[in-house]
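2 protein chains.
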Amino acid sequence: MMKSDRSDLRAFFEPASVAVVGSLRDGMGLGFRSIKNMLNFGYTGRVYPVNPSYDEVLGFEVYSDVSEIPEAADQVIIITPPPTVPAIVEQAAERGVKAAVIVSENFGEVGGEGAQLQRQLVEIRDRTGIRIVGPNTIGLLNTANGYITVPYFIAYDSLRKGTVTYCSQSGFVGPTAQPLQDRGYPINKMCDVGNKCDVNETDLLNCFADDPSTKVVAMHLEDVKDGRFFLEAARNLVSRKPLLVMKAGRTEEGARAASSHTSSLAGNEEVYDCAIRQAGAIRVNSWPELMEIPKVFAYQPLPEGNRLAIITHTGGAGVVATDIAVEAGLAVARYSDETVAFLKDTQFRLGGNPVDMGPILSTSDNPFQVQEEVIARIIDDPNVDCAIVAAYGGLEGLLTLVVEMFSRLKPRISKPFVVWLYGMKLGAMQEMVVELEAIGLPAYIDIEVAIKALGAAARYTSIRAGM
Amino acid sequence: MMKSDRSDLRAFFEPASVAVVGSLRDGMGLGFRSIKNMLNFGYTGRVYPVNPSYDEVLGFEVYSDVSEIPEAADQVIIITPPPTVPAIVEQAAERGVKAAVIVSENFGEVGGEGAQLQRQLVEIRDRTGIRIVGPNTIGLLNTANGYITVPYFIAYDSLRKGTVTYCSQSGFVGPTAQPLQDRGYPINKMCDVGNKCDVNETDLLNCFADDPSTKVVAMHLEDVKDGRFFLEAARNLVSRKPLLVMKAGRTEEGARAASSHTSSLAGNEEVYDCAIRQAGAIRVNSWPELMEIPKVFAYQPLPEGNRLAIITHTGGAGVVATDIAVEAGLAVARYSDETVAFLKDTQFRLGGNPVDMGPILSTSDNPFQVQEEVIARIIDDPNVDCAIVAAYGGLEGLLTLVVEMFSRLKPRISKPFVVWLYGMKLGAMQEMVVELEAIGLPAYIDIEVAIKALGAAARYTSIRAGM
Numbered sequence: 012m013m014k015s016d017r018s019d020l021r022a023f024f025e026p027a028s029v030a031v032v033g034s035l036r037d038g039m040g041l042g043f044r045s046i047k048n049m050l051n052f053g054y055t056g057r058v059y060p061v062n063p064s065y066d067e068v069l070g071f072e073v074y075s076d077v078s079e080i081p082e083a084a085d086q087v088i089i090i091t092p093p094p095t096v097p098a099i100v101e102q103a104a105e106r107g108v109k110a111a112v113i114v115s116e117n118f119g120e121v122g123g124e125g126a127q128l129q130r131q132l133v134e135i136r137d138r139t140g141i142r143i144v145g146p147n148t149i150g151l152l153n154t155a156n157g158y159i160t161v162p163y164f165i166a167y168d169s170l171r172k173g174t175v176t177y178c179s180q181s182g183f184v185g186p187t188a189q190p191l192q193d194r195g196y197p198i199n200k201m202c203d204v205g206n207k208c209d210v211n212e213t214d215l216l217n218c219f220a221d222d223p224s225t226k227v228v229a230m231h232l233e234d235v236k237d238g239r240f241f242l243e244a245a246r247n248l249v250s251r252k253p254l255l256v257m258k259a260g261r262t263e264e265g266a267r268a269a270s271s272h273t274s275s276l277a278g279n280e281e282v283y284d285c286a287i288r289q290a291g292a293i294r295v296n297s298w299p300e301l302m303e304i305p306k307v308f309a310y311q312p313l314p315e316g317n318r319l320a321i322i323t324h325t326g327g328a329g330v331v332a333t334d335i336a337v338e339a340g341l342a343v344a345r346y347s348d349e350t351v352a353f354l355k356d357t358q359f360r361l362g363g364n365p366v367d368m369g370p371i372l373s374t375s376d377n378p379f380q381v382q383e384e385v386i387a388r389i390i391d392d393p394n395v396d397c398a399i400v401a402a403y404g405g406l407e408g409l410l411t412l413v414v415e416m417f418s419r420l421k422p423r424i425s426k427p428f429v430v431w432l433y434g435m436k437l438g439a440m441q442e443m444v445v446e447l448e449a450i451g452l453p454a455y456i457d458i459e460v461a462i463k464a465l466g467a468a469a470r471y472t473s474i475r476a477g478m
Numbered sequence: 012m013m014k015s016d017r018s019d020l021r022a023f024f025e026p027a028s029v030a031v032v033g034s035l036r037d038g039m040g041l042g043f044r045s046i047k048n049m050l051n052f053g054y055t056g057r058v059y060p061v062n063p064s065y066d067e068v069l070g071f072e073v074y075s076d077v078s079e080i081p082e083a084a085d086q087v088i089i090i091t092p093p094p095t096v097p098a099i100v101e102q103a104a105e106r107g108v109k110a111a112v113i114v115s116e117n118f119g120e121v122g123g124e125g126a127q128l129q130r131q132l133v134e135i136r137d138r139t140g141i142r143i144v145g146p147n148t149i150g151l152l153n154t155a156n157g158y159i160t161v162p163y164f165i166a167y168d169s170l171r172k173g174t175v176t177y178c179s180q181s182g183f184v185g186p187t188a189q190p191l192q193d194r195g196y197p198i199n200k201m202c203d204v205g206n207k208c209d210v211n212e213t214d215l216l217n218c219f220a221d222d223p224s225t226k227v228v229a230m231h232l233e234d235v236k237d238g239r240f241f242l243e244a245a246r247n248l249v250s251r252k253p254l255l256v257m258k259a260g261r262t263e264e265g266a267r268a269a270s271s272h273t274s275s276l277a278g279n280e281e282v283y284d285c286a287i288r289q290a291g292a293i294r295v296n297s298w299p300e301l302m303e304i305p306k307v308f309a310y311q312p313l314p315e316g317n318r319l320a321i322i323t324h325t326g327g328a329g330v331v332a333t334d335i336a337v338e339a340g341l342a343v344a345r346y347s348d349e350t351v352a353f354l355k356d357t358q359f360r361l362g363g364n365p366v367d368m369g370p371i372l373s374t375s376d377n378p379f380q381v382q383e384e385v386i387a388r389i390i391d392d393p394n395v396d397c398a399i400v401a402a403y404g405g406l407e408g409l410l411t412l413v414v415e416m417f418s419r420l421k422p423r424i425s426k427p428f429v430v431w432l433y434g435m436k437l438g439a440m441q442e443m444v445v446e447l448e449a450i451g452l453p454a455y456i457d458i459e460v461a462i463k464a465l466g467a468a469a470r471y472t473s474i475r476a477g478m
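Going line by line, the protein sequences match chains A and B.
Note that the working numbering has the first sequence beginning at 12, numbered continuously upward.
Note that the working numbering has the second sequence beginning at 12, numbered continuously upward.
Just so you know, these hints were derived from the structure itself, not from any lab.
Each residue gets a CB set at the ideal place from its N, CA and C atoms; glycine is no exception.
Among the clues, some could well be false.
Each computed BS3-like pair below joins lysine-lysine, with the alpha-carbon atoms no more than 27 Å apart [claimed, not checked]: (1) Lys436(A) - Lys436(B); (2) Lys47(B) - Lys109(B); (3) Lys226(A) - Lys236(A); (4) Lys436(A) - Lys172(B); (5) Lys421(B) - Lys172(B); (6) Lys436(A) - Lys355(A); (7) Lys109(B) - Lys436(A); (8) Lys426(B) - Lys172(A); (9) Lys47(A) - Lys421(B).
Covered by chain B, according to a simulated footprint, are these stretches of chain A (three or more residues, beta-carbon under 8 Å) [what the hints assert, rightly or not]: (10) 102-109; (11) 210-224; (12) 324-330; (13) 428-435.
Chain A residues, not near chain B, derived (Cβ > 10 Å throughout) [as the list claims (entries may be wrong)]: (14) Glu67; (15) Glu82; (16) Arg194; (17) Asn279; (18) Glu281; (19) Val282; (20) Glu315; (21) Ser347; (22) Phe359; (23) Arg360; (24) Arg470.
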């Protein structure tokens with residue numbers, strides 16, 4: 012197949028109709044759950060449950076066989092025992108279905124009979140042209156249309172719509188293992204590629220490079236099916252939008268674990284690291300980095316350079332922030348004489364970077380007005396490219412005041428900055444993250460991830476400049 | 012002064028009586044707040060507010076001057092403008108007060124007149140023998156007696172009592188900047204040394220080495236006043252209990268920031284790194300590591316070696332856990348033939364390490380019984396020294412079942428293990444952390460910190476063996 016064919020994944024993310032083959036047992040049957048989730052998240056396409064034992068489920072007529080569904084559905088979701096799967100895919104292809112998401116496990120990753128079944132799937136794909144995500148996957152979701160294939164209980168029924176697309180090789184990056192709603196991530200699409208018998212990371216990169224609703228791609232990988240195609244696709248995507256890559260299995264032992272997870276041939280760490288760098292992708296090294304760094308790209312413009320202003324309320328955090336910044340490739344901005352004069356005029360200890368606003372705020376009658384002015388003036392400094400700004404998020408009563416201050420600040424500032432929240436009450440801090448992001452400001456509770464996000468943004472600026 | 016004198020800090024942590032000099036304005040006056048916090052946290056010692064403008068506050072008689080308090084109080088807390096501080100310390104010393112916590116800022120850290128005032132404090136200490144914590148500090152707290160000097164509003168009024176003692180050079184490690192109650196940290200004492208004009212990190216190490224209620228010390232440092240004494244005190248402490256050190260200002264720029272924060276001479280990073288290692292202390296590199304790694308020492312015995320069992324519900328997390336473990340100095344345990352046979356008997360895919368219990372749990376009628384047996388058997392393996400065990404914490408309904416399972420497991424297992432929680436609802440996850448720690452099991456939401464905690468424990472075992 013041509014690249015242009017392979018990257019057309021609309022039948023996966025924007026199906027007008029879907030058949031669901033699996034248990035329809037009320038409540039927890041996996042087919043039932045998948046359909047329930049679609050309805051909960053607002054999918055309004057046509058749904059065809061398939062199961063010989065039911066007539067009707069969740070208001071939909073049930074068909075006893077995929078061959079009997081009343082149209083050539085765009086997609087089929089298959090959650091049945093492995094030996095039954097190839098025949099279902101075959102039938103679906105015959106019925107004109109374009110795409111299959113195979114949730115079922117115990118294929119290539121277990122070897123033996125499972126691997127044999129997976130080879131059958133590939134053969135059917137080659138012969139019929141039906142595209143396959145999986146097997147061994149929770150599938151995908153798209154916040155634009157509420158479409159979701161996940162067949163497990165999800166403790167929430169909405170996600171913030173946004174521009175971040177996550178691709179992963181594990182269901183761990185998905186709604187059943189991540190508190191996506193509480194965190195308020197601005198999600199565009201998610202896709203767990205599972206065993207990648209057909210659709211793989213390269214296809215997703217080509218798809219999302221062309222996807223106007225995706226502004227940044229965050230990808231968790233255990234292996235790459237074809238290095239050359241991957242590199243080409245990644246470079247193409249990076250020329251248009253940032254790509255973050257978390258490569259798991261970076262140690263020898265980790266690579267061995269990956270092999271038993273998704274039968275990945277994780278390969279040589281140095282080769283991967285070099286390829287990721289050559290592609291212009293930005294490597295991240297933890298789940299929080301993968302999930303949260305994209306927010307800075309979703310909400311902020313790119314910085315023009317790497318000169319960071321650090322604005323805190325506490326000297327101790329300023330020192331730690333400085334260490335993290337330098338290690339993340341950022342430079343501690345030296346403010347212009349005008350800014351230094353303004354700062355010293357505001358309070359005699361201010362003038363350096365980091366700026367510790369603590370002392371002045373504790374004695375000011377208008378702390379929010381002072382903060383607003385100091386923040387705006389500093390970020391406006393021609394020697395500053397980006398900023399981290401601390402906010403005290405620990406008290407419910409402060410929420411409105413802080414959010415109002417940042418609402419006033421946002422239109423005054425054209426450079427990227429992130430808000431770092433700290434405080435005494437976790438719930439109030441998390442609520443403030445969500446509220447600040449509702450007004451378009453990326454907010455973080457972990458100072459390290461906050462600064463690494465700006466480091467990634469500055470890095471992308473320099474990568475783009477070198478392309 | 013002799014070491015034995017300098018390390019006797021009982022008047023700071025266990026004062027039978029305290030004078031508080033500062034604003035008594037109702038609600039937010041810093042003296043008022045300090046007293047209110049003591050009452051909230053349950054301190055029952057004698058309290059003497061000092062302020063010429065009040066007669067009575069919070070039920071206590073107010074004295075117009077420190078010289079007038081009715082006894083030689085153990086401690087005085089001073090929160091007044093810097094120029095007034097030396098005279099108050101002098102008066103307190105004359106009245107027989109043994110210890111002063113000076114919260115006021117703008118001393119050594121601002122140079123000039125502030126530095127001159129700080130020199131006066133040192134001179135008074137030398138002349139009178141009164142001991143000083145600060146200036147430029149939030150002071151200290153002790154959960155055993157509810158004593159707390161912090162003069163700012165705290166959004167909670169109790170802390171979990173435990174065996175972790177935190178020392179820091181910043182108020183950031185303290186109740187006004189950390190959600191200590193929500194996190195449920197098992198705290199023994201906290202002390203912010205501020206500018207360290209007298210009591211410094213070495214004194215605290217000597218004090219806490221001898222403190223039977225402190226099982227582990229977590230120390231945030233920007234500099235060390237005297238390297239030789241520090242090294243000696245640290246080695247002495249490490250021979251009795253573990254010491255974690257977060258050295259901020261590890262980059263050149265960070266060291267410069269530290270200098271303007273607490274007038275620290277942060278010095279050469281390599282020298283510090285080497286000294287920390289020589290002392291047998293374990294270096295940590297982030298606030299979450301400093302705050303959360305101690306939990307493993309507080310709740311668990313030391314591992315005999317570094318062989319880790321990884322027990323998850325998801326293959327993807329197992330791979331990531333393996334990478335982190337190897338990088339944290341842990342070895343991926345190879346199970347004995349008996350364990351492998353048991354695992355394979357339980358389900359055909361089990362047998363390796365990491366163990367992915369996901370597939371078997373999703374098909375089992377008694378998932379908690381299966382988990383319990385698998386976890387107990389694995390950790391009991393003679394080739395296993397410690398373990399990380401995943402738990403699904405994302406649903407309120409699961410809380411009781413998970414906590415009950417671990418309650419049954421705990422007495423069956425004599426080796427250290429940590430629980431790593433993941434899930435769909437942040438609040439439920441955090442609640443599960445607190446509940447599991449209530450039954451004495453360290454629980455983590457960040458898998459990296461969870462595994463690094465076990466790495467630190469194994470490291471301490473090997474440090475102790477080499478001493």
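We went through each hint and held it up to the structure:
Restraint check for lysine 436(A) and lysine 436(B): satisfied, since their Cα atoms lie roughly 16 Å apart, inside the 27 Å limit. Between lysine 47(B) and lysine 109(B) the alpha-carbon distance is near 23 Å, which keeps this suggested pair within the 27 Å criterion. At most 27 Å may separate the alpha-carbon atoms for a hinted pair to count; lysine 226(A) and lysine 236(A) meet this at roughly 24 Å. Using a Cα cut-off of 27 Å, the hinted pair lysine 436(A) and lysine 172(B) holds, with the two alpha carbons roughly 19 Å apart.
Taken as a hint, the lysine 421(B) and lysine 172(B) pair is honoured in the structure, with Cα atoms around 20 Å apart against an allowance of 27 Å. Restraint check for lysine 436(A) and lysine 355(A): the C-alpha separation of about 33 Å exceeds 27 Å, so the hint is violated. Our distance criterion of 27 Å between C-alpha atoms is broken by lysine 109(B) and lysine 436(A), whose separation comes to about 35 Å. Our distance criterion of 27 Å between C-alpha atoms is broken by lysine 426(B) and lysine 172(A), whose separation comes to about 45 Å.
Proximity of lysine 47(A) to lysine 421(B) is assessed by CA-CA distance (about 38 Å); at most 27 Å being required, the pair is judged violated. Here's how the region 102-109 of chain A fares: 0 of its residues keep a CB closer than 8 Å to some CB of chain B, so the rule of at least three is not met and the hint is violated. Counting residues of the region 210-224 of chain A whose C-beta sits closer than 8 Å to any C-beta of chain B gives 0, which falls short of three, so the coverage hint is violated. Counting residues of the region 324-330 of chain A whose beta carbon lies closer than 8 Å to any beta carbon of chain B gives 6, which reaches the threshold of three, so the coverage claim holds.
A stretch counts as covered by a chain when three or more of its residues have a beta carbon under 8 Å from one of that chain; for the region 428-435 of chain A and chain B the count is 3, and the coverage holds. The claim that glutamate 67(A) lies off the interface holds: its Cβ sits roughly 26 Å from the closest Cβ of chain B, which is beyond the 10 Å cut-off. Residue-level check passed: glutamate 82(A) sits 32 Å from the nearest beta carbon of chain B, beyond 10 Å. A beta-carbon of chain B is positioned within 10 Å of the beta-carbon of arginine 194(A); the least distance is around 7 Å.
At roughly 15 Å from the closest C-beta of chain B, the C-beta of asparagine 279(A) stays outside 10 Å, upholding its exclusion from the interface. For glutamate 281(A), the non-interface assignment is confirmed: its Cβ lies about 15 Å from the closest Cβ of chain B, beyond the 10 Å cut-off. Taking the minimum C-beta to C-beta distance to chain B, about 16 Å, the non-interface status of valine 282(A) holds against the 10 Å cut. Against chain B, the non-interface label of glutamate 315(A) holds: every CB pair exceeds 10 Å, the least being about 20 Å.
The claim that serine 347(A) is not at the interface with chain B holds, since no C-beta of that chain comes within 10 Å of its own (minimum 18 Å). Under the 10 Å C-beta cut-off, the non-interface status given to phenylalanine 359(A) relative to chain B is violated; the minimum distance is some 8 Å. Residue-level check failed: arginine 360(A) sits 6 Å from the nearest beta carbon of chain B, not beyond 10 Å. Taking the minimum C-beta to C-beta distance to chain B, about 18 Å, the non-interface status of arginine 470(A) holds against the 10 Å cut.
The structure is inconsistent with the numbered hints 6, 7, 8, 9, 10, 11, 16, 22, 23, although it conforms to all the rest.
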